[in-house]
Amino acid sequence: MTAAYETIRTRLDGNVLSATFDAPPINLIGPEVVRDLVGLLDELSRPGAARVVVFDSADPDFFLPHVDLTKVAEYTAEAAKGAGPGDASLGMVFRRLSESPAVTVAKLRGRARGAGSEFLLACDMRFAARESAVLGQPEVAIGAPPGAGAIQHLTRLLGRGRALEAVLTSADFDAELAERYGWVNRAVPDAELDGFVAGLAARMGEFPRDALVAAKAAVNAVSLPSSAEVRADAALFQQFVRGEPMRRRTAELFERGLQTRGRTELDLGAVVGRLEAVD
Amino acid sequence: MTAAYETIRTRLDGNVLSATFDAPPINLIGPEVVRDLVGLLDELSRPGAARVVVFDSADPDFFLPHVDLTKVAEYTAEAAKGAGPGDASLGMVFRRLSESPAVTVAKLRGRARGAGSEFLLACDMRFAARESAVLGQPEVAIGAPPGAGAIQHLTRLLGRGRALEAVLTSADFDAELAERYGWVNRAVPDAELDGFVAGLAARMGEFPRDALVAAKAAVNAVSLPSSAEVRADAALFQQFVRGEPMRRRTAELFERGLQTRGRTELDLGAVVGRLEAVD
Amino acid sequence: MTAAYETIRTRLDGNVLSATFDAPPINLIGPEVVRDLVGLLDELSRPGAARVVVFDSADPDFFLPHVDLTKVAEYTAEAAKGAGPGDASLGMVFRRLSESPAVTVAKLRGRARGAGSEFLLACDMRFAARESAVLGQPEVAIGAPPGAGAIQHLTRLLGRGRALEAVLTSADFDAELAERYGWVNRAVPDAELDGFVAGLAARMGEFPRDALVAAKAAVNAVSLPSSAEVRADAALFQQFVRGEPMRRRTAELFERGLQTRGRTELDLGAVVGRLEAVD
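Residue numbers (my numbering), protein chains in the order written: chain H, 2 to 280; chain U, 2 to 280; chain V, 2 to 280.
To be clear, the hints were calculated from the coordinates, so they are not data collected in a lab.
Just so you know, these numbers come straight off a predicted model, no measurement behind them.
Glycine included, every Cβ here is placed at the ideal spot set by N, Cα and C.
Each hint can be trusted.
Derived, one-sided and incomplete: chain V residues facing chain U with beta-carbon distance under 10 Å:
no., residue
1, 138
2, 140
3, 144
4, 146
5, 153
6, 155
7, 156
8, 157
9, 163
10, 170
11, 171
12, 172
13, 181
14, 233
15, 250
16, 276
Partial pick of chain U residues on the chain H-facing surface, computed with a CB cut under 10 Å:
no., residue
17, 138
18, 160
19, 172
20, 182
21, 183
22, 246
Next comes chain H alone, as it looks inside the complex (with noise of 0.2 Å):
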């Protein structure tokens, strides 16, 4: 039933499966994650698939950073792929995600940031580990608006007020900020998180499948973006990833040490309000 991915370690167990994203060295979203999200979306839409999904991490530190800014043309053809026809963006294959028939669950350790939060907020429900982890858009201080569902996402969870406190500053969010602005649904100590997911998980397993699909549809129509905003957003990202600032200021961060493991990529909220770019 479960087919083997090169990036997503999955394990089904009843008719809740498991999804670990394991992309070493630090889970970047990258051509092959994207393929594999791609992939396992097709087996969630068949007949029989599993009712619920839970993704975690293999990597403590790391959930999902962000893309892999070294390979932008890549993972959107990978995403070009899943997104429907015509569409080649993040956002589109989040947006599928979000309409997925199965249940989706993610369990949050270590960092989300960019389109790393944005795969979380696709997700129908996020429950944080009071520890570590962390969340944050920092598009902006990089050089552009997010571009694969925070604008939407966040701005009808948090409000206009908070949303826009979360995109401008571009700075991370613990896990109790994070709970209290409804960027999570919970934050949950470290060491209840497992328990806690994996009896909701059960739960909603044995829960019949058509009432499953057709709440979560109900609520998808009241609260998902639309297709024309989500691709809306994504032109714009992709307008101001080729712009000078943006080019500039992923230089400076390469130069400090962005996509690997390290102080850059721990503390990327701090460390993007302290770029010597100026423009």
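For this one, chain H is given, so just place chains U and V on it according to the hints.
Just chains U and V now, with coordinates in the frame of chain H:
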């Protein structure tokens, strides 16, 4: 001024009407309660009616536990008399409650699940006893999406992630979590609840009626679901109610004591997570 | 670069402008404040203007207490100069503030009621001193629905139930409750507030201007009320302002010291709950 109802005890004090649900043995939403609620809505729409209504329950364990599943046709027939021409659903009666010229305040002690929670969500504000309040939408666990407003209200109040958690897990929420998520305005210690709500109600009762009505209508214009959305949810529920999973799970629950005062009704959120029915 | 205003003291530091309301005796929103605010909006829309503006008050007790009710025609005439062709309302001036290319951060100490709260709601983010901040929409108690944005913003930020509570009870909210409901981004201890906001502002001031502007516009596209909604609220307010209940209640409040520094203005939320006017 105040008509006599069989299942709702009313008492007028100045501009504030107290309305206490009293439908033994456990305040099920059956044809009598719906009929009386429709009568009360008629009364409240007359000139000179109370400016503020405070709803509570005569039963400390059950506010409104859910609909009477043995009388779906009967209570729907009563709803048809109050929901407006062509409409026969609890959701449309509750929408009319939301549009009432009176300000509606709910004081929650005990359990409000299913349509009981949806009644609360249709009120203008909700205050819950910290020690005893329980809210839940157990419908999905039993085989149907909620059909009388929970999809619309919870998604708008809680945001997509927390609404999906509430609806898809079918779990019980205590007052503290319900407050944190926005399901109720506030959780208030039981000993302070009566005084707190009475104070708010008396205060609003002295405000100019036209300003109350206009301000409420303006907030409704931003926040109420459309009639089309309410009707779609009702139609979906009616369809699932006749389905095989719902029939089998409901039968199992009745065997365990559903609709009687006892463990099953008291702990329904837990019980629906342990059903033996398999689909 | 920075013009001189009579009622707003400004100071430019790098890309961050500090703007301090200073309109003795109590910072009422009268024609001078509206004129200066319109001037500041013009300034902020010029190329090379500050990227970030931090608003605060020179008066520790009053941020902006409410409009000057003796000068409705006068401040509306000033609003007409800044709100765009054909529009003469504070609500449309505040909407223009929300659309400013500058990031607007409000630092709240003391009271912000009525249009003072609506000014805050139009800003991009709001941080409140835990010890002293008070927010309220006393309009309904006095005889009118709020007319300059509160209906739209509070409903979107707080959800229907809590927005109805805030608007219909006309009660004062302290910083802690305002944070819990989402009226402000965060309540911050007074001793930390200046440093916290200065840090955020300086940080955003170094981010690429085009990215800030584009991200804010994208969030606005999801969350700002339409001009038609803002105009409808303004028209409703203008209609109620001329009504008999509003006239009588305002007269009683002036007898009790409205618009002077004293108990009535300090405790307006309580005072409007004890008026003797009856309708």
